[in-house]
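The listed protein sequences correspond, in order, to chains Z and H. Under the working numbering, the first residue of the first sequence is numbered 1, with each subsequent residue one higher. Under the working numbering, the first residue of the second sequence is numbered 1, with each subsequent residue one higher.
These aren't lab readings, by the way, just hints derived from the structure by calculation. None of the values given here were measured: they were computed from a predicted structure. One or more hints might be untrue.
Pair by pair, the computed Cβ-Cβ distance ranges are [unchecked claim]: (1) Z:GLU88 - H:ARG174: 36 to 44 Å; (2) Z:LEU47 - H:LYS41: 54 to 62 Å; (3) Z:HIS120 - H:HIS192: 49 to 57 Å.
Anything over 12 Å on all C-beta distances counts as not near chain Z; from chain H, calculated [claimed, not checked]: (4) ILE17; (5) ILE129; (6) GLY233; (7) GLY239; (8) ILE276.
One side only, chain H facing chain Z, incomplete, derived with CB under 7 Å [unchecked claim]: (9) GLY47; (10) ILE48; (11) ALA122; (12) GLU125; (13) SER128; (14) LEU190; (15) THR252; (16) VAL270; (17) LEU274; (18) LEU283.
Here a beta-carbon is modelled for each residue, glycine too, at the ideal position from N, C-alpha and C.
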Amino acid sequence: MHKNELESRQRFDMRMLFFYAATPILLGLLGLHVLQLQWLEHEKLALQADHNRLNIVPVLPVRGEIVDRQGKGLAVNRIAYQVQLIPERVKDLDVTLKMLSGMLHWSPAKLAYIHKRIKHSRPDRPVLLDDKLQWLQVSPIAARLHHLPGVDVEAGSFRQYPYAGLTSHLIGYLSLARKTDTDDGYLANEFIGRTGVERSYESLLHGSLGYQQEEVDAHGRRISVSKRTSPAMGQQLRLALDVEVQQAASDALGDRTGSVVVLDVRTGEVITLLSKPGYDTNRFITGLESEQWQEWLNNVEKPLLNRATQAAYPPASTFKVVTGLAGLKAGSHLANGHTTCPGYLELADRNLRCWKRTGHGQVALDYAVIQSCDVYFYKLADQIGMAAISEAALEWGLGERTGIDLPPEARGTVPTQRPYMMEAMKNNSSKRDKWFRGETMIAAIGQGTLTATPLQMARLAASVANGGRVLKPLLQAGDEPVLMHQAQVDPKHLKTIQAAMRGVVEKPYGTAYRALAHAAWPVAGKTGTAQVIKMSQDDEKKGYTPEQISRRHQDHAWFMGYAPYENPQVAIAVFVEHGGHGGSDAAPVAAAVIEVLAAQQQRQEAGQ
Amino acid sequence: MIRVLRGMDWILLAAIISLAGLGLVTLYAAVHQGDTGLWQKQFTFWGIGFGAFLVLCFVPLRLFGLISWPFYAVALLLLILVPLVGDVQMGARRWLNLGIVNLQPSELMKWALMLILASWFATREARSIRDLAVALLLAVVPAALIVNQPDLGTTLVLLFAATSLLIAAGLPWRWFGLAVIAALASLPALWHFMHDYQKQRVLTLLDPQSDPLGAGYHVIQSTIAIGSGGLMGKGFLQGTQGRLHFLPEQHTDFIFAVLAEEGGFIAVVVLLLLYIILITRMLVISNRASSRFGSLICIGVASIFMLYITVNIGMVSGIFPVVGLPLPFISYGGSAMVTMLAALGLVMRVSIESRDRIPWQRPGSSLA
């Protein structure tokens with residue numbers, strides 16, 4: 001026993017040696033590891049610590065404002081609060097967003113949209129969640145910021161459109177950068193012009209980023225700002241647009257669907273470019289609420305469509321101006337003579353009607369324009385042929401994009417025979433592989449497959465007024481006029497047509513006499529009433545109500561003209577979709593526009 | 001009283017007070033921009049702990065031998081109660097609400113197991129299967145309960161303290177080798193039973209950059225803090241990592257990073273030397289203790305300290321997985337401070353009782 005106990009003590013002493021040795025060895029090894037970090041890796045880790053502390057943060061530029069020619073703000077910046085988040089600094093994204101959603105009353109769709117945005121954003125850059133907020137809305141968040149790491153409330157500017165519905169198509173709207181934009185070097189938090197002028201003048205309006213060096217803590221909270229390169233504010237854009245005129249055009253159209261374009265005939269400046277119905281561009285906040293977007297998309301009146309530039313319609317009788325010019329140029333004896341209109345023209349297989357069933361009797365070119373006699377132009381077209389008509393249409397700027405800085409722009413169609421046939425063949429209808437005489441006649445009165453945009457028709461009127469100069473429509477005030485091409489026209493011929501167009505307004509039997517004879521300025525113009533040929537069954541299938549169907553079968557009303565007659569300043573095109581008749585429904589809109597323009601001029605003269 | 005004063009190990013006491021001072025300075029650096037109230041609280045905890053330390057200097061060791069069994073029984077009972085009625089905090093069920101205090105039975109069990117093993121091996125060696133089996137049962141049952149809570153850190157403490165005591169109690173090295181091999185072999189099975197977050201921590205240790213903003217965040221940030229401190233440190237209150245809150249839990253488990261960042265390697269060496277002195281002194285006391293029970297208590301306390309220090313510094317500097325063990329005397333925390341000082345009071349009592357006596361079973365020992 002005693003021996004055993006001695007043995008056990010000896011063993012214990014041996015084990016103690018083990019513990020004595022193990023302690024400094026273990027702690028020494030730890031010390032060596034720390035030494036490695038603090039000596040060998042010191043430089044690398046010190047650099048990381050510095051990077052941790054200092055963040056280079058981009059400073060967004062303030063976007064340039066857009067004003068009209070009188071200096072009225074069309075797109076302006078307002079200050080409000082916004083909520084943003086740096087994804088990598090958020091502990092639990094779902095919980096954070098849920099909290100924010102509760103405080104900001106986000107819809108489920110918006111929440112989903114925000115989730116998507118964050119997923120596609122760089123984790124180290126702020127993502128804008130909500131903006132245009134008032135202090136009352138953000139103060140609960142500001143108070144809980146320490147519970148919401150990565151979330152930040154900041155004062156920032158947002159875009160406001162004081163004339164949102166009136167200028168929606170022209171000015172357009174902004175939205176946050178998408179994947180393709182960030183690939184182009186934009187930051188996820190930047191707003192970018194999506195449509196209209198906001199889009200086409202993006203590079204001018206946007207300005208450029210500044211940078212500042214911020215000392216931040218791990219929660220992304222800014223402690224101090226050290227260096228700063230100020231952002232360059234975007235430039236102000238002054239448009240040629242006159243909001244007062246645009247408003248007058250809009251008021252005159254009322255709640256009808258359509259478009260009004262007013263151009264300066266000398267420079268091509270766009271004084272009015274209206275498309276109705278409009279939409280409220282102010283509703284494009286941080287990602288549009290999808291319900292509103294869907295409503296706009298599905299609306300039968302297609303509010304998102306810019307009818308002035310993106311939709312081409314048969315120009316109807318306004319096109320007779322072109323046919324007349326083509327006839328004069330071709331030296332057709334009918335253009336210099338006359339014919340009889342019995343109310344119809346007999347063709348091989350069918351009769352082509354004149355709008356006036358009883359006929360116009362004996363008709364010359366000026367009377368045919370003034371009274372818009374169809375039969376006269378059927379015969380004229382038959383004499384000169386489709387090629388001459390197409391050539392004239394192209395020469396006067398139809399069938400081509402006007403070049404206005406509002407892409408995408410519709411080109412319209414001028415049916416030269418070949419493409420038309422190709423179109424027919426593509427549709428696999430073998431009987432349409434031939435161009436019929438009757439089709440030339442239909443095209444001559446602006447029906448059938450011939451189409452043009454309201455902007456093209458306004459420019460056509462301008463070209464007629466300014467001696468055949470086909471100008472690029474200019475959006476920015478004071479830009480140098482751009483001559484696209486010059487129509488080869490004999491001044492005598494042009495004078496003939498101009499006089500006939502004056503007759504349309506001036507003569508008591510002219511189609512626009514009632515609407516425009518007593519306008520503030522002497523007007524020259526041409527009305528048009530485009531027949532709408534539609535199958536009711538198709539509309540029923542598309543789910544239109546009977547009321548809508550009956551409206552959709554009404555004719556389109558056109559007016560195209562310029563004023564003042566002797567010293568032309570502006571050209572106007574009015575298009576009223578399913579609006580009825582050109583003379584009674586479109587021309588009065590032109591009268592309202594001219595009223596305002598004349599009043600403005602009077603004011604100006606009085607002022608001087 | 002005089003006996004207590006004469007029997008005090010003054011070097012150990014000096015080490016304790018130095019560590020406390022270093023700890024309070026470091027804690028001030030960690031919290032001076034935030035909740036400075038924590039510093040005052042820690043100072044209070046230090047006072048309470050030191051009181052406990054002094055009280056225990058007067059309690060005869062025999063008493064601990066007597067209460068070791070009931071103490072263990074109560075701790076085990078509470079541990080069994082935890083999964084039935086315990087509170088869940090941060091995803092783990094570790095706490096028992098006793099009305100006045102929230103008790104963490106696993107914390108009790110550390111000391112209970114240490115006491116009971118010391119008591120068990122006070123009269124026998126770990127060289128027979130039967131004696132060893134009892135010891136293993138005493139250790140494995142609470143360890144299994146605690147690992148289930150889950151609390152990997154405390155389980156480690158339990159097993160490490162038990163192993164140290166077994167080695168001190170003469171466990172044959174062959175058996176120890178076999179146990180290590182068996183443990184290594186059972187690692188895959190252990191992996192299978194680990195919680196996802198525990199697995200994640202192990203994976204993160206292998207490659208912190210794989211999840212730099214999640215589980216790896218702590219380790220990366222603390223490594224940066226330590227490394228950026230360099231040899232000389234950034235100076236008191238000059239650390240940027242800690243000041244800017246890049247350091248997680250910088251006043252509790254990760255406080256070593258604050259010390260290393262601001263004090264540099266110099267401070268690290270000072271800290272490690274103080275720890276070496278602390279533990280070596282406990283081993284010296286163990287060696288000259290007048291009873292085998294006292295010797296084993298010192299080994300048990302020393303091993304628990306050793307594990308805390310090693311795992312904590314290893315975790316903060318990125319070589320061990322993140323397990324929540326405090327850095328003795330430096331980390332903020334009341335219960336850890338008080339229990340550790342109390343444990344040192346126990347060691348000091350061993351020193352006091354050994355004064356003027358011959359170590360146990362040495363030739364000429366009075367007890368032999």
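Do the hints match the structure? See the list:
1. Z:GLU88 - H:ARG174: 36 to 44 Å: 53 Å, violated
2. Z:LEU47 - H:LYS41: 54 to 62 Å: Between Z:LEU47 and H:LYS41, where Cβ atoms are some 36 Å apart, the hint is violated.
3. Z:HIS120 - H:HIS192: 49 to 57 Å: Hint violated: Cβ distance 37 Å, outside 49 to 57 Å.
4. ILE17: Its Cβ never comes within 12 Å of chain Z, the nearest being 20 Å, so this holds.
5. ILE129: Holds, because the least Cβ-Cβ distance between H:ILE129 and chain Z comes to about 17 Å, which exceeds 12 Å.
6. GLY233: 9 Å, violated
7. GLY239: 9 Å, violated
8. ILE276: It is violated; H:ILE276 is separated from chain Z by about 5 Å at its closest Cβ, not greater than 12 Å.
9. GLY47: 28 Å, violated
10. ILE48: Interface hint status for H:ILE48: violated (28 Å vs cutoff 7 Å).
11. ALA122: Hint violated; H:ALA122 Cβ to chain Z Cβ min 11 Å, cut 7 Å.
12. GLU125: 5 Å, holds
13. SER128: 12 Å, violated
14. LEU190: At 23 Å from the nearest chain Z Cβ, H:LEU190 fails the 7 Å test, so the hint is violated.
15. THR252: With a minimum Cβ separation of about 16 Å from chain Z (threshold 7 Å), the hint on H:THR252 is violated.
16. VAL270: 11 Å, violated
17. LEU274: At 10 Å from the nearest chain Z Cβ, H:LEU274 fails the 7 Å test, so the hint is violated.
18. LEU283: 5 Å, holds
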